[in-house]
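Asks: The residues making up each chain are set out below.
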Amino acid sequence: MSETLGTVLDWVAILCILAGSVLSLVAGIGLVRFPDLLSRMHTAAKPQVLGLLLVLVGIGLRLVPVETNVFNVGTLVLVALFQTVTIPVAGHITARVGYRTGRIDESLMAHDELAERLRTEGDVPGSGMAR
Amino acid sequence: MNALWIAIGVMLGVAALLGMVRMLMGPSILDRALSVDVLIASALTGAGAYAAFHRDPTVLPTLLVLSLLGFVGSVSIAKFVARRTQQEHIPTTTEAHPTTATPTDAVPGSEKGENP
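Chains as they are written, first to last, in the working numbering: chain A, 1 to 131; chain Y, 1 to 116.
For the record, the hints were derived by calculation from the structure and aren't laboratory data.
Possibly wrong hints are sitting among the right ones.
What the hints assert, rightly or not - Which bits of chain Y does chain A cover? Going by a derived footprint, with three or more residues having C-beta under 8 Å, they are:
| id | region |
| --- | --- |
| 1 | 1–11 |
| 2 | 23–33 |
| 3 | 64–73 |
Beta carbons: idealized from backbone N, C-alpha and C, even for Gly.
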């Protein structure tokens, strides 16, 4: 692998990791400044998925010139897979529990489709808790 | 290139500090769980930046463990909140519970009614 290609890969990798840490910083700022749980969840999901994927790409590009072990790439792919599968599930469960236990501020919502649906169709007893 | 690595470290540190601020302020327990998620994401990014800086693949299994730990942590906290709220809705006359989670604790600043 030539010297120039290694330098280019290093720069691309460091820019990816920089973008990932910028997303992490943005999530921290939004976590402090945003008013309610749902908007905080919106900003907190950015570094968990996009930021982490950028960082994993950066790690892969940094490791490619020196290590060509297949287990490293496998670990990176596994981390990306787990994160993209589990983060939506965790966000859904957290938002559902927050809504059902009344922690969502309704004055900050533009439109509440679930409330309309609960009014027209009625709630199933006992479904208030996320099972 | 060194300045960019330092900038990455500083940004991750500030992000973790802001997450800690929300964890201390957070009006409800779900906000705190959310800030734990952000802290874990910062730790993941930091460990990844370490691995990339030193070209050292030995910390990559740590990333795997941390990503699974974040999921299990936030889901179990959410289940805990749901079960506690459900249990205290069955006896409707227990108003004297100081530790019950009522809907009023969604109001920012009202710290009572939540166990930290």
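Asks: So, for every hint listed, does it hold in this structure?
Replies: Hints versus structure:
1. 1–11: holds (count 6)
2. 23–33: holds (count 5)
3. 64–73: Coverage by chain A holds for the region 64–73 of chain Y (5 residues, Cβ < 8 Å).
Hint compliance for this structure: every hint is met.
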